[in-house]
Structures are given as C-alpha cells and as structure tokens.
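J.: Next come the chains, spelled out residue by residue.
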Amino acid sequence: MKNIVPPHGVDEKLASVESIMEGLGEVGYIASRRIATALFVAQNLSKPILVEGSAGVGKTELALSTANWLGLPLIRMQCYEGLDESKALYEWKYGKQLLYTQILKDKMGDTLSDTKGLDEAMERLHGFGDMFFSEQFLEPRPLLKALREEHGAVLLIDEVDKSDEEFEAFLLEILSEFQITIPELGTIKAVKPPLVFLTSNNMREMGDALKRRCLHLFIPLPDEKLERRIVASRVPDIEERLRRQLVAFVQALRAVDLKKLPSISETIDWARVLLLLHADSLEIDMVRETLNVLLKFEQDIEAVERDVAELTRKENQA
Amino acid sequence: MQQTLENFFRALRSMDVRISPAEAIDAHKTVDTVGYGDREFLKDALCIALAKSEEEVGSFEECFDMFFTREEFQDRRDSDNPSSSDESGDGERSESDQDLIGDQELAQLVLDGSATDMAQAMERAANEANVANIRFGTQRGLFTRRILDKMGLRDLELLILRLKRSEDEGASDLAQRLEQGRRYLFEEARQFINRQFELYARNAGEQLREEFLLETRLGAIDPRDAKRMHRIVRRMAKQLATKYAKRRKHTKRGVLDVRRTLRRNMAHDGIPFETVWKQTKIDRPKIVAICDVSGSVAASARFLLLFLYSLNEVIATLRGYAFSGNLIEISDILEHKEVEQGIPEILDKVGFRPTDYGRSLADFTENHLDSLDRRTTVIILGDGRSNNTDPRTDLMRVIHDRAKSVIWLNPEPETFWGTGDSEMQRYKAFCHVAQHCSTVKDLERIINDVLKTYFRA
Numbered sequence: 001m002k003n004i005v006p007p008h009g010v011d012e013k014l015a016s017v018e019s020i021m022e023g024l025g026e027v028g029y030i031a032s033r034r035i036a037t038a039l040f041v042a043q044n045l046s047k048p049i050l051v052e053g054s055a056g057v058g059k060t061e062l063a064l065s066t067a068n069w070l071g072l073p074l075i076r077m078q079c080y081e082g083l084d085e086s087k088a089l090y091e092w093k094y095g096k097q098l099l100y101t102q103i104l105k106d107k108m109g110d111t112l113s114d115t116k117g118l119d120e121a122m123e124r125l126h127g128f129g130d131m132f133f134s135e136q137f138l139e140p141r142p143l144l145k146a147l148r149e150e151h152g153a154v155l156l157i158d159e160v161d162k163s164d165e166e167f168e169a170f171l172l173e174i175l176s177e178f179q180i181t182i183p184e185l186g187t188i189k190a191v192k193p194p195l196v197f198l199t200s201n202n203m204r205e206m207g208d209a210l211k212r213r214c215l216h217l218f219i220p221l222p223d224e225k226l227e228r229r230i231v232a233s234r235v236p237d238i239e240e241r242l243r244r245q246l247v248a249f250v251q252a253l254r255a256v257d258l259k260k261l262p263s264i265s266e267t268i269d270w271a272r273v274l275l276l277l278h279a280d281s282l283e284i285d286m287v288r289e290t291l292n293v294l295l296k297f298e299q300d301i302e303a304v305e306r307d308v309a310e311l312t313r314k315e316n317q318a
Numbered sequence: 001m002q003q004t005l006e007n008f009f010r011a012l013r014s015m016d017v018r019i020s021p022a023e024a025i026d027a028h029k030t031v032d033t034v035g036y037g038d039r040e041f042l043k044d045a046l047c048i049a050l051a052k053s054e055e056e057v058g059s060f061e062e063c064f065d066m067f068f069t070r071e072e073f074q075d076r077r078d079s080d081n082p083s084s085s086d087e088s089g090d091g092e093r094s095e096s097d098q099d100l101i102g103d104q105e106l107a108q109l110v111l112d113g114s115a116t117d118m119a120q121a122m123e124r125a126a127n128e129a130n131v132a133n134i135r136f137g138t139q140r141g142l143f144t145r146r147i148l149d150k151m152g153l154r155d156l157e158l159l160i161l162r163l164k165r166s167e168d169e170g171a172s173d174l175a176q177r178l179e180q181g182r183r184y185l186f187e188e189a190r191q192f193i194n195r196q197f198e199l200y201a202r203n204a205g206e207q208l209r210e211e212f213l214l215e216t217r218l219g220a221i222d223p224r225d226a227k228r229m230h231r232i233v234r235r236m237a238k239q240l241a242t243k244y245a246k247r248r249k250h251t252k253r254g255v256l257d258v259r260r261t262l263r264r265n266m267a268h269d270g271i272p273f274e275t276v277w278k279q280t281k282i283d284r285p286k287i288v289a290i291c292d293v294s295g296s297v298a299a300s301a302r303f304l305l306l307f308l309y310s311l312n313e314v315i316a317t318l319r320g321y322a323f324s325g326n327l328i329e330i331s332d333i334l335e336h337k338e339v340e341q342g343i344p345e346i347l348d349k350v351g352f353r354p355t356d357y358g359r360s361l362a363d364f365t366e367n368h369l370d371s372l373d374r375r376t377t378v379i380i381l382g383d384g385r386s387n388n389t390d391p392r393t394d395l396m397r398v399i400h401d402r403a404k405s406v407i408w409l410n411p412e413p414e415t416f417w418g419t420g421d422s423e424m425q426r427y428k429a430f431c432h433v434a435q436h437c438s439t440v441k442d443l444e445r446i447i448n449d450v451l452k453t454y455f456r457a
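Protein sequences appear in the order of chains A and B. One point on numbering: in my numbering, the residue at position 106 of the first sequence is 106, and numbering is uninterrupted. One point on numbering: in my numbering, the residue at position 338 of the second sequence is 338, and numbering is uninterrupted.
Don't read these hints as lab results, they were simulated from the structure. Note that beta-carbon positions come from the ideal geometry of N, C-alpha and C, so glycine has one too. Do not take every clue at face value.
[Said to hold, decoys possible] Taking CB as the label site, the calculated pair distances span:
hint, chain 1, residue 1, chain 2, residue 2, range
1, B, Ser114, A, Arg313, 34 to 42 angstroms
2, B, Ala267, A, Glu150, 28 to 36 angstroms
3, B, Asp401, A, Glu165, 32 to 40 angstroms
Starting from the given sequences, assemble the full structure and let the hints guide the process.
T.: If you want it as structure tokens, here you go:
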C-alpha cells in the first residue's frame, strides 16, 4: 500500500478561524471570514459543507486548496446524470473474478476429486468462504476510498446538482453517518471522517434532506479589496497599478446587465493574459481584443464593446 | 441562553427561513463551540448552520442584526436625568427612601437600576408574556401592557399613590422621582415592543395577504396586488418545475434489454454480469394553451396570461395562443419578452374585443392545427361566452379528436354554464375535462393533475 506519512496536526490547523485563513492563504486561497468559519464549524460538527455560488467563484478550488494545505489526499467525484453506486461507491472486479475462476478450475478439480457425491463437494466449497466476493475483488470507487483513508481525506463531490435524485438520496447515509452498506460485506464505517465538500451550481434545487445534513456556504462574487488580494496571490508577477485597474474594470463590468457576469476565475485568466502581453496599464485596444477572456457570450461582448472606451478611461484615471 | 436561541429561531421563521429541529440542534452545537463572545464569528457560524440558500442568507443577516442588538436600552443616567443620581448622593439610596419603597423590585429598578438591569427585567417579563407570539400591529398596546403587568406595574402605581397621599416631604419627592422613572419605563417598553414586532411579525401580514389571494377569485383581485400575484404564481410555477423537471426515464424491471446487455458485457466475454433493463421513456409534456382575453373575462385575463407565462417556464414545449375576436400565437412573446411588457402587448394586440369563439377556433384550425398531435394536451382558458355567434362546435370536435386531451378551465361557476350567450354546455361535450377554475389554488391543482398524467409510468 501507499506509504504516506500521516499528516501532522490537521486538527490543530483547523483549531481557529484565524489559522484557517492564514493557512489557506499560504497555499494561495484567499478565504473570506465566512469561508474560514464554515471550515471551522464543519470540522467541529463533523458535517459536510454544501458550497454554492455562480461558476468560477472558487467552489472547487476551496476543496483543492484545503486538501493541499492539510496535506490530505483529495478524492474527487464528478457528478453527472446517470451516475450510480457502482461508479461512486464500489464495483466487483468481474474480469479478475473471471480470470481466477478459469485459473483455479483445475485446482478445484483436484481439491474436490476425493469428495464423494455433490453434497460433500458443496460442503468443502463452503469451507473456503466467499472467495470471489471478498475485499481482494472489490474495486473501491471515490466514496469508499474516502471512507477507507486512515488519516482522513478531503472528499469533493463536485456539481452534485447534476446527479439524479436517486443518487442524492443514496448520498444521505454517507453524509450523515460517514458509513455505507455493501450487501456482500456489511457496513463499512469511516476510519476517520473525511472533510466533505459538495458543490452546486443550482441547476436544480437540492432536496431538503440533503440540505439538512449539510452546512451551507454561499460564496458571492468578491468585493474589490478581496479580489485584488486574490489576483495578487494567484498572479504575483502582475504590477500593482495594472492589478488595481483591471480589478476595478471587472468590478465595473459586474454592474452591467450581462448574461454571465465574469467571476474570479475569469479575472485571474485575464490578469494572466495581460501579463503575457506585457501590458503595464489598461489600454482600450488591448481590452477590446482580450474581452473574450472575460466574457463568454457573444451578446455580452457586443454589449460591452461599445462601452469599453469609457470604462477603461475611468479606471485609468482612478 | 436556550430561550434566546429558541426566540431567534422563531424570528427567523417569521422571515421565511425554515428551521427544522435538526437544524436547531446543529445551531445549539455550533453555539457551544463558538460561544457568544465574538459577535461576527457567531453570526458567520450560525449563518452557515442555518441558512440554506442565497435568499435565506440575506434574511438571516438582517434578522441576526435586528435580534442581537435589541437589548440596547438608553442609559438614562447620562442623558435623561443626570440630576437624580447626584441628589441621592453617590448613587446610594437614602435610608428613608429604602423604608418607603420596601421590597418592591420594580420601584427599585426604575429608581436607580442600570439600563442593563432594566433590559434584563424586561426581557424576562417579555418571555413570560409570550411576546414572540405577536402577529399584528394592533396587538402592540396589549403586549406592552402585559409586559408592564408582569414587571409589577400595579404595585408601583399603588406605591406612588400612597406616597403622594402622605404628608411627608421626602415621600412626595420620592413619588415624583418614581413617576419620572415610570415614564421612562413606559417609553422603553413601547420601544421594546416595536422592536419585537419588527422582529417577529414583519412578514406575518404579508403571509396572511398571500394566503388570502390564493383563495380569491381571479376576477376579484385588486390590481394593486398584481405584483404580489406575480410572485405567488412564479413561486407556484417554480415548484411545479422542480417537481417535474427530472424523471424522464423509468426503469422497468423485469424486461431484459438483450441487445444493450450484450453490448455492455463484451468485456466479460459476453457473460451477462451487468444486466440492462428496458426503459420506458416518458413523453415531455406537450401543452397547447389557448387563452381568452376578451372583454367578458377582462378581469381575469391578466392573471390567465400571467399564468401562461409561468407555465412557459415549467414546460419547454408550450405553445400559447390568445384570442378575443380573432386568434394569434403568443409563444414568442412568452418566450422572449418580460412579463411587464409582454402582457400589455398581448392585450393590446387582441385583448378586450367582443369574443367570437367560432372565428377564433377557425383561425386555430386553419393556421395552427399542426401543433396538435396525439401527445398534446390542449388547455383552454375562457368563459365560453361567444356573443351569440356560431360556436363552431364542429371545429371543437376536430381539436378533440386530434389531441391527447382537451381541458377547459372556466372562471365561471358551473351553474352559469349555458345561461345567456354561454356555449359552455355545447363545448363541454368535446372536452375531456371541463372545470370551474377561479382561484390560483384551482389553477395549481389542475395543472398539477395535467402534468401528472405525463409522468405516470
């Protein structure tokens, strides 16, 4: 098995909101106070966190950064329509079972050759136990893996709103008790409860039962100050003046009536692009050419293009 | 502290944040780990445990701020009445006063209790008087009185009366100070109740109004409630949408899909480890809605259209038509225009003219009959009053034969059907369902039934 050194001081690291904010900052995730509080409460109450917010505000990133900071393995499960327990929980290794039966066929013949009659052969077979439905033939999928991590893990159930309602119901046991039931093996309980994040884009309303079992964290679009810090942490090479301007530009853009508002990930992408183009301040032409990094819909780009000059001028003066 | 949290839950519930017992337990646990020391910390932590959606976060923050600042009473020592403490000498009460007051708590409190003491006493009295049950603005006086009674106002008043009658100089002086204190007490109690009312009952009136609107006849709804109605109908449509958005497939256990099973198990040498069962696909609901917007149903036309709007959000394949004298398709307007512009536009185009059902049905069968097939449900919203023109029941039969079902929703009660120029009795023969439908509740029930027929396996 893997030889991971048990991560030290996970509990200590999560002991206060300040240390969480600081720690996440170290790995490049600038957390608001509320996000840090959510982690703190989740740790103390042993509850999963349901993270909501529009695309690109850092829902998935939160889980990744947390795992990174705590030194815990991250186990990620992407949800989609039609996801079922054989893909999420466990699967029997059919191929291996089949192969073994073939190989063991002769051996079995030998073992059973000196038995008299069917009954006795059967009796002897029973003596071997459940050979083919044992742990060796179990293929653990994300959820089971997360439960079996000895030193805990960060389990990310991504875009849970895309899964079916039946799957949502199936998640309830693992979310509230941190255990699952496999008919052939019995109930498996978590060695150490993992830290669970569920993310949702609100494609559909999640059921009350699921919501009730989770803490709820809504991540809004950041304010100007926070966004500046985030850009500074993610794109450290960018100049102070440009950073100030581009964040102000994006903030102004969010006030415009758009189909899809640019979120943090777009701001960061844009900052990277501007850095690549060796920009040192916002220029109208450059903004116009790189607008497609920020806005993902043709109509939005058209709508903004007209105002680019004005927006840019305003930010340059600021 | 338990009581404080319970009251807080009640305040939250009054603002439409749903809190189940399980969440209440979580909140208690959260408070246990977080403590009451750091206000912002407590707010963040409780918010995470209790608010379950973006809207609820907003309500929660507002409610939290209101709830946990209410104990701030004015400190009257500094502002109102600086002289009183000087008089009694370094805050020590003279012994003669003490004798006169005896062991009356309230008198002692109004005389020289601190603002905090006063706040605590009032809070206790409020709990005893069940102030959290306050619902209406008119109850404010009642609850103020109850709190004051619980605090022992009666005894205080008797005391003041007794002191006034007494000849003693010190006594009448004390009586004056007590009266001053009582005024302060009244004022604080009034403020306190106002805050409590804000906290527990702000939305109660609104909720009551909405419940009332659900049961009101569409035609009788006041135009000033239009916004509210819009919200109600929206919410209803959203509920229906979430209910029927999913579940397109039904696994039918028992019939093996041989082809797909073999395909799935090729990796296992064709040995069927994984079985695939045949599935029944469920048709998407296909609905054609035809809405009467003529003069005779003028009052309800607006709401019927509003309803079509909401229905359009639920069902992707809705086709809408509106008519009075003639009939036009409004699917595009429903799809692309906002409600505020769309409804006037439709009414402008075809609304409020004398009805001609025959002509409208002819328009429909001529131009739009291809929108009907055996999976379509036709919903007709109208009163069936055709101004004595030819009702063209033959066309109704064509529609009836072609569609999966025809549902007629009539805002008039059944006893009026067939009276005067109403052709309802004749049309009724060609409807699978003809129902009286006059309130939002009726609408919801009927549409729910329609959708159900599509999703039943």
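J.: Which numbered hints turn out to be false for this structure?
T.: Number 1 only.
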